[in-house]
Amino acid sequence: MDIASANQDVAEYNLPSVGDYFSLLKPRVMSLVVFTAFIGLLVAPGEIHPVIGFTAILCIAVAAGASGCLNMWYEADLDAKMQRTADRPIPAGRIDRQSALHFGVALSVASVLIMGLTVNIIAAILLSVTILFYVVIYTMWLKRRTAQNIVIGGASGAFPPMIAWAAVTGNVSIESIVLFTIIFMWTPPHFWALSLFSCKDYAKAGIPMLPVVKGELYTKKQIMLYTLAMVLVSFLPIYFGFAGMVYAASAALLGGMFIWLSYALLSDKKSVEENSGSAKKVFFFSIFYLFTLFAVLGLENLLDRVI
Amino acid sequence: MPLHEEHKKRAGRNYALAAILSGLVILFFVITLVKLGVI
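Heads up: the sequence lines are chains A and B, in that order. FYI, the numbering for the first sequence is 1 to 307, going by my numbering. FYI, the numbering for the second sequence is 1 to 39, going by my numbering.
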């Protein structure tokens, strides 16, 4: 082979970079997962050695990344059809599907094994359930079949604080189920707000998101209902005694704002195509809401221990 | 892809892999010390 043809081969071979592999892990989703898991670790009763705690969070982060990677591997065809996801490494041709599959499986197995060997078996079981739930139940089964995809599939995103709790206590208690329920109820309004202003994209890809199947008004009503339910659930930590007055005030204030924004979305007579502002406000506020609510819960517990 | 670009990407991947493996070695060593009650 002469140098010219060798250079031609190199030119045609698109080598993925470290950044491409990193973006397969959905780092933004991972940050929310790591944060809620960290709060679960902080709020759980009992002591955990900081090194073991760090390992538990690392395993949760890697497992979340692996789930995102396997999701991208399976959904490469859908991602290519949607403007929002067309530049992801697989549809953009920067990484081949086979490499993504190997990367995702390797990280999944490694995270569960390390969790089981170094933290405890309950946390490892919950971690494997989370990965399987996200990849098999949500990605492979529900997402292309039902408008309730993110309601049921949302459970996978709600597991991290429960896993962290199990890492500290070695079991699943009612308090960890409460943390799970808050995120579980938060997921539908969050994703339905996104799907409202990305409706065309989802319709083009043939994904049966709620606004595509049932229309905008129905989706707005469902966002309102789930927001009300979520705000009620957000007060359960006070009832079960692992949150105090600062958390109560924050949950009331943040919950009130969330309800107000959801109501503004519901009463907005313009279609989202004409005015996507109210849907975007709900979407971005939902992220702020969850971060702040969990941050207050964590800080309050931390202060209680220190003082 | 130009040859120097490919070399740059390959070097980046090698460094990342080296950092991850070194990190894991250190983590497992520290976990062992924790489990043995040394720290």
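Worth double-checking, as some hints may not be accurate.
[Stated by the list, open to error] Using 25 Å as the maximum straight-line C-alpha spacing, the simulated DSS-like pairs for lysine-lysine come out as follows:
{"hint": "1", "chain 1": "A", "residue 1": "280", "chain 2": "A", "residue 2": "221"}
{"hint": "2", "chain 1": "B", "residue 1": "9", "chain 2": "A", "residue 2": "270"}
{"hint": "3", "chain 1": "A", "residue 1": "214", "chain 2": "A", "residue 2": "281"}
{"hint": "4", "chain 1": "A", "residue 1": "26", "chain 2": "B", "residue 2": "35"}
{"hint": "5", "chain 1": "A", "residue 1": "221", "chain 2": "A", "residue 2": "269"}
{"hint": "6", "chain 1": "A", "residue 1": "281", "chain 2": "A", "residue 2": "269"}
Calculated directly from the structure, the hints in this document are not laboratory data. For clarity, every value in this text was computed on a predicted model and none was experimentally measured.
Consistency of the hints with the structure:
no., hint, result
1, 280/A <-> 221/A, "16 Å, holds"
2, 9/B <-> 270/A, "48 Å, violated"
3, 214/A <-> 281/A, "22 Å, holds"
4, 26/A <-> 35/B, "32 Å, violated"
5, 221/A <-> 269/A, "13 Å, holds"
6, 281/A <-> 269/A, "16 Å, holds"
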